[in-house]
Amino acid sequence: MKGRLNAKIAVASAAVVAIALATTVGIVRFVLSTEYRAPVRSDEAQSTPRVQAQQDEAAAKAKADREKPYTEETYRRLPRVGSRVAVWVLAQLHLLFAAFVLAVPIFALTIEFIGWLNGDKRYDELAHEFTKLLSVSFSLTASFGAFLLFMLVLLYPKFMNYLMHVFSPTFAPYVGLFFLEAFFLYSYYYGWGKFSAVVHLLLGLGLNVVGTAIMLIANSWLTFMTTPAGVSESGAVISTWAAVHNYTWMPLNIHRFIANIAFGGSVAAAYAAFKFLGAKTDAERAHYDWMGYIGNFVAICAFLPLPFAGYWLASEIYAYSQTLGITMMGGAFSWLFIIQAVLIGNLFLGANYYLWLGMGRVQASERFQGYIKYLLILIALCFAVWATPRSIIATVSETRAMGGGAHPQLGYLGVMSAKNTAVNLLILTTYVSFLLYRRSGRTPTVAWAKLGNALQVAISLLAGGIVLFLGIYGYFVEAAVRIGLSIPQVGSVLFAMITVTAIDVLMYRNARSLGETHWGRIHPVSQYVLIFLAVTFTWLMGLMGYVRSGLRQHWHVYGVVRDTSVDAFTPTLGYATRIVSITVLIFFLLIGFVFWLASLSDHKKEHA
Amino acid sequence: MSVPAPLKILALIVATTAFYTMVGQLVPQKEVHPPKETALKKEMTSDELVGAGKEIAEGKGLCSTCHTIGKSGALRFPDLAGIGTRAATRRPGLSDVDYLAQSIYDPNLYIVPGFNPGMPVINKPPIGLSDQEILAVIAYLQSLGGKTTVTMESKVWPLAAGGAGQKAQ
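Protein chains in written order, with my numbering: chain A, 1 to 608; chain U, 1001 to 1169.
Keep in mind that the hints were calculated from the coordinates and are not lab data.
Here a beta-carbon is modelled for each residue, glycine too, at the ideal position from N, C-alpha and C.
One or more hints might be untrue.
Said to hold, decoys possible - Have a look at the derived ranges for each label pair, beta carbon to beta carbon:
| id | chain 1 | residue 1 | chain 2 | residue 2 | range |
| --- | --- | --- | --- | --- | --- |
| 1 | U | 1002 | A | 481 | 56 to 64 Å |
| 2 | A | 116 | U | 1022 | 43 to 51 Å |
| 3 | U | 1090 | A | 495 | 26 to 34 Å |
| 4 | A | 82 | U | 1158 | 42 to 50 Å |
| 5 | U | 1059 | A | 566 | 32 to 40 Å |
To be verified - Restricting the straight-line Cα-Cα distance to at most 27 Å, the calculated cross-link-like pairs of lysine-lysine (DSS-like) are:
| id | chain 1 | residue 1 | chain 2 | residue 2 |
| --- | --- | --- | --- | --- |
| 6 | A | 158 | U | 1071 |
| 7 | U | 1036 | A | 158 |
| 8 | U | 1036 | U | 1008 |
| 9 | A | 158 | U | 1060 |
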């Protein structure tokens, strides 16, 4: 009793001290912010009577007000936060929610379609559960979009006026599509189980088509800012279609489409992990383990071709302007790609680790576990190569000792030949991990199984050998040839993935089961891996959004509309990463709210 | 006492974000500001013109983004060491000044074997060098292994040929 009283007194004292401290700080800040003004003294008698002077002043003010000229403001400044940071954070949050809202319907529809084809109700329920996250996310996307638009018009009026000059014909279709998106989304979600299966699938298809069309229009605005087309040297519109269909529009459309699926899959997997960790029964754990696996599977499937889409986007930037390309890869942003390498390396490590942990839920998967250490060594090596910079931070004496900015041996790993090789081998290794997981607990029954296996191994080794050979060959040829080598490298990995999958599907048709898959029987660490992957995907999107936009440097529209604001400089990478982190934390606070709201409907069901 | 899962999740999110922020602080930190304008006067000496040209080539002109001086091996664009003498031997009948001026005003006119075209037009945005600034850059390039002959009064191609371009003020 006495102890409790003491605790109460301690809490009350702490509160009093905190209030006193806050009050003191407030008073001091008020006093410091109040400017001292000397009292007005006049020793002479005023020549104009007071009333007359006041009337003259009022008349002069009225005249000045009447004659005040209208001047268009170029910029307005947001105090404290700054205009650039405000727009940056809002744009990124809008984009993250938009990516999620666009991605979930793609795989929800695919899962629903699979369920419709094979008649398994579990798929239909899973697709429905994914879409639970959509409605609140859609509202948040729209809210952040409106907030962003207001801030742009408020803070960058002249620049926004120019964008309206170029893109005004696209605004009406955009708004129309947005209404259609709302119609399809809510019909798709609330109509679950109430329409016939075909009608419902068509609603889902409509939702995806409209969502993609919205993304295409918005992408045209922002790609135009980096690689403008369809305008004269002074910026006058020649062709709106050419402005839309600029150099980087289609590569970004493809890149975003794939990246959205990877991101959406990872966030949906994080939702499943959140639910798994709070699950009370084995049935719940089994369901959310399966959901997390599907979400992660979607994310990784989309993630594997993403570097190829990114390569196309980068090559189009180079094709538009070598200067822009070199600023990106060899100039102000070159170190950003080292940070990107750390993120992507973590994604590969995390994705593989989750697959390896997942083997634990499948009986008779032990026969493959011996391979994991070799895969891990390969992934770690590739990660190390990819994260090795060309030039390193060194003191003058260290630079002298190295004979330049690059390390005499490790410097060779910092160039594109090594990095292309590393990323292609990472993709191939992750694919092999997935293949091993897929085979766990099953054995083929076809007569040509040995031949099939040998063929798969030969194709994988050949692809790896081609990647490695071309990577080394790149050191001995001129730039013009070296740049072209990445295409056969990518091609051989894609070829291996497609052919090996085709052989595997045929070989494991009617395969004999060696043991059951026990969904829910997985180490809880796996669920934290899923959350780690979602955070890493989100952070990566923030970082790459920064480079895509920051690449323009001191231009609003590259080479057409110059940025003359106080923010017309490229901040340090340290500063940029802090902003990215703030955005990511805000996003996860909000998405946590979305998860919580989605869970409320479960409670309702439980109580019903 | 076991820590509730939501708290562990929150800690993981914060720790992951903090880790990536830390990685961002470990790389070199550099703010890049818009290029400064270099003051040019009609009565500049040859040395002053070369100095101004060097400043423009390394700053507003963005030349050093792609071109190196005195490097060999796998290069993106031709190395500029010795260009002052080499320029006069590139095309028969073409002086060093003409070759440099033509290569700057029309970058795809001559492509050095082994390299891809890719140099932007630099007298238009986003680089947007004026004719005077280009004269200064030519003076600087001449100084790399050769002798500077251009002055601020010089009229180089395409101005000398009556072609497009802003006339030197």
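Outcome of the hint check:
no.	hint	in the structure
1	1002(U) - 481(A): 56 to 64 Å	60 Å, holds
2	116(A) - 1022(U): 43 to 51 Å	47 Å, holds
3	1090(U) - 495(A): 26 to 34 Å	44 Å, violated
4	82(A) - 1158(U): 42 to 50 Å	44 Å, holds
5	1059(U) - 566(A): 32 to 40 Å	20 Å, violated
6	158(A) - 1071(U)	45 Å, violated
7	1036(U) - 158(A)	24 Å, holds
8	1036(U) - 1008(U)	50 Å, violated
9	158(A) - 1060(U)	25 Å, holds
When held up to the earlier numbered hints, the structure conflicts with 3, 5, 6, 8 and fits the remainder.
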